[in-house]
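Novice: Read off the chains here:
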Amino acid sequence: MSVRTALTVPRLRRLDPLGALLAGAGAVAAVFLPFVVLKSNRIVPGDPRGLLDALPAWGALGCQAVLICAAIAALGVSNARVRLGAALLGVAAVALAVAAAGDALTPAGNKVVRVAPGAGFWVLLMCLGLMATDAVTRMRPGPGLRVLFLALSIVVAGLALAHGTFDHLSVMREYAVNADRFAREARQHVWLALGSLAAAVLVALPIGILCHRVPRLRSGVLGTLNVIQTIPAIALFGILMVPLAALAAAVPLAAALGIRGIGAAPAAVALFLYSLLPIAANTVAGLKRVPRAAVEAARGMGMTSWQILTGIELILALPVILTGIRIVLVQNIGMVTVAALIGGGGLGTFVFQGIGQTAIDLVLLGAIPIVALAFSAAVVLDALAEVLDRARQ
Amino acid sequence: MISVENLSKQYGATTVVDGVSMVIERNSITVIVGTSGSGKSTLLRMINRLIEPTRGRVLIDGHDTTGEPAHLLRRRIGYAIQGHGLFPHRTVAENIATVPRLLGWDEARIRARVEELLLVFQLDPGAYAGAFPHQLSGGQQQRVGVARALAAEPAVLLMDEPFGALDPIIRAKAQDDLLDIQRRFGTTIVLVTHDMDEAFRLGDHVAVMSHGRLLQYDRPAVLLTRPADPFVSRMTGVSDRAMRLLSLTTAGEAALPGVSEGPAVAAAASLREVLSELLWRGADSAVVMDADGTRRGYLTIAAILERGRPG
Chain L
2 MSVRTALTVP RLRRLDPLGA LLAGAGAVAA VFLPFVVLKS NRIVPGDPRG
52 LLDALPAWGA LGCQAVLICA AIAALGVSNA RVRLGAALLG VAAVALAVAA
102 AGDALTPAGN KVVRVAPGAG FWVLLMCLGL MATDAVTRMR PGPGLRVLFL
152 ALSIVVAGLA LAHGTFDHLS VMREYAVNAD RFAREARQHV WLALGSLAAA
202 VLVALPIGIL CHRVPRLRSG VLGTLNVIQT IPAIALFGIL MVPLAALAAA
252 VPLAAALGIR GIGAAPAAVA LFLYSLLPIA ANTVAGLKRV PRAAVEAARG
302 MGMTSWQILT GIELILALPV ILTGIRIVLV QNIGMVTVAA LIGGGGLGTF
352 VFQGIGQTAI DLVLLGAIPI VALAFSAAVV LDALAEVLDR ARQ
Chain U
283 MISVENLSKQ YGATTVVDGV SMVIERNSIT VIVGTSGSGK STLLRMINRL
333 IEPTRGRVLI DGHDTTGEPA HLLRRRIGYA IQGHGLFPHR TVAENIATVP
383 RLLGWDEARI RARVEELLLV FQLDPGAYAG AFPHQLSGGQ QQRVGVARAL
433 AAEPAVLLMD EPFGALDPII RAKAQDDLLD IQRRFGTTIV LVTHDMDEAF
483 RLGDHVAVMS HGRLLQYDRP AVLLTRPADP FVSRMTGVSD RAMRLLSLTT
533 AGEAALPGVS EGPAVAAAAS LREVLSELLW RGADSAVVMD ADGTRRGYLT
583 IAAILERGRP G
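Taken in sequence, the protein lines are chains L and U. Counting from 2, one number per residue, gives the positions in the first sequence under the numbering used here. Counting from 283, one number per residue, gives the positions in the second sequence under the numbering used here.
Hints are supplied without guarantee of correctness; some may be wrong.
Stated by the list, open to error - Away from chain L, derived, C-beta distances all over 12 Å, residues of chain U:
no.	residue
1	Q292
2	T297
3	A362
4	H366
5	A431
6	L448
7	I463
8	Q464
9	P509
10	V514
11	D566
What the hints assert, rightly or not - Pair ranges (Cβ atoms, derived):
no.	chain 1	residue 1	chain 2	residue 2	range
12	U	Q417	L	T231	41 to 47 Å
13	U	G349	L	A255	50 to 56 Å
14	U	Q417	L	W307	40 to 46 Å
Said to hold, decoys possible - Away from chain U, derived, C-beta distances all over 10 Å, residues of chain L:
no.	residue
15	L62
16	R219
17	L248
18	P292
19	E297
20	P370
It should be emphasised that the hints constitute simulated quantities derived from the structure, not laboratory data. A virtual CB, placed ideally from N, CA and C, is assigned to each residue, including glycine.
Take these sequences, add in the hints, and give me the full structure.
Specialist: Next up, the structure:
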């Protein structure tokens, strides 16, 4: 008896709590939720299909076998590499299954019928994605390896899209219709996010340095930026419309440059204003982290203020400043979406059009790339901050 | 030679340094000692103009220090502080090379100087040149801090409580090293400390400060035997002043010509150490030997005791 407890207790303890939750949720999703939804056109509610109804029997069984393996790995395997491998295999199986369901359920030559991924697919994808992320975290990969993982994922997804693997799915149908607009709005999205970030860095960095040098300014300046941060985006667009419209009316050059009460100009200004606080605050925090003795010694040895700032202080503060830039970039990529409301363009255009037409596929055409962009930006900037921090500690 | 002329610093109504005048001799170690808030650090920092004086001036070799931009002045004066202040993102070699780089030395000369200094401070260049400060022990970091201050061969080295963060054993070693360095490079060193033992151990001259005023500035023995102010005698300590006085003279300096029986003592040992040795051994006299083993002379307990009295 005691021998049996000795054997079973450690085994039970090894049952992974997160793995159990994910496996449970995945199992419920696979069994009870529709894997795909078959709609007779892009707007009407659809007809839910389970994995077995959507795929040829061998495909459904194969996919289920892979999912069961992933569940076993999630529950009982502690080796992070195996867990990651199982999760990625699961993602591949689910993705291929949904693509195959699209091919199987779409009648040949029919451009009206839509096969959309169902709740079951999304929950499975989320569970497997979390399992993969968790496994990656446990492996503690270096920054280079994390960027490599990201690049590989992008290449695989890109190849699958280019190959047309998902062409029969509803989202890709929407893409096919909107292909040229998609490229334009995606460019506009990235341009708005990066442009407002660059302008904010140019302004917020000196503000942060000034707040560090003159402590009396700190609470007032950061407080003001904080208030801006609390204004809802829509309200800020509204507030900016009046002065920008007046500017365009008064100064022909401004109007010629595309500055108007609505459109990209107020969107860019609003994003710029939102970006100031995280960068300025992190600049102050980063500079505060610089050892006082190092600055004192630098001054005592005859370095000029500029040499101390650029050669010592900013370099030691850079990892913290980069964290602020990361926050802003991810925040901007998300917030540009709302700019579509005032004609600012960007991928949000598809989101709001989709909402207007109750065409959820169109919403996804905007939303999925936004999430992917934000996630990629976060991974890359995190890695960069870590590389710098490691080199300079 | 550094001349401090009637130097004062005021912040609003508060006077931190009050009309200090002193002449610091070339090739010597001058220690400024005082309690915290005595103005000793401010005085030191006015020499390289990290703090600009309210009144008075500082001359180095006859030239007014305000005659050139402050940062150029500081590149000619070494500066070492408590807690070393090494740049955490630069290697030991890069840290030491800071001022030579600012002065635009060529790379070969910088490399040679860095290597020389690492050897002087007993750090193997192969092992430490490429190391980062956080990989060093506290004593090693402190040595690199002093090496960095000396990198551009300054004639003057200012040190602000340089050994304050070290434990007693490492501190004693660092003080010995500093005496060696001073002899080797002939640098004029001005050092600030609150530790009277350190002042007596290192200083050719000691300046005692209190409430911004310079109370006395003289050789350590004079501070003991003829204190100018009750505060000076409190700082130097009354209870063991005789022993302190003995510690200021070496056996070699006090040795009597002639031959005597007794244990051998080194000429470099202080009279305090010789007396302790004689008490321990129950002997009345000692033979003073030079480092190369030749007899310098002899010492008796009575002769040593004679040296422990004022005047």
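Novice: So, for every hint listed, does it hold in this structure?
Specialist: Structure-based check of all given hints:
1. Q292: holds, 21 Å
2. T297: holds, 23 Å
3. A362: violated, 8 Å
4. H366: violated, 7 Å
5. A431: violated, 8 Å
6. L448: It holds; L448 of chain U is separated from chain L by about 14 Å at its closest Cβ, greater than 12 Å.
7. I463: Fine: 18 Å to the nearest Cβ keeps I463 of chain U off the interface.
8. Q464: holds, 19 Å
9. P509: holds, 33 Å
10. V514: holds, 29 Å
11. D566: D566 of chain U is indeed farther than 12 Å from all Cβ atoms of chain L, at 52 Å.
12. U:Q417 to L:T231: 41 to 47 Å: For Q417 of chain U and T231 of chain L the Cβ distance comes to about 45 Å; the hint holds.
13. U:G349 to L:A255: 50 to 56 Å: Holds: the Cβ-Cβ distance is about 53 Å, inside 50 to 56 Å.
14. U:Q417 to L:W307: 40 to 46 Å: violated, 29 Å
15. L62: At roughly 57 Å from the nearest Cβ of chain U, L62 of chain L sits farther out than 10 Å, so the non-interface label holds.
16. R219: holds, 22 Å
17. L248: holds, 44 Å
18. P292: violated, 7 Å
19. E297: Contrary to the label, E297 of chain L does not stay out of reach of chain U, its closest Cβ about 6 Å off (not over 10 Å).
20. P370: holds, 38 Å
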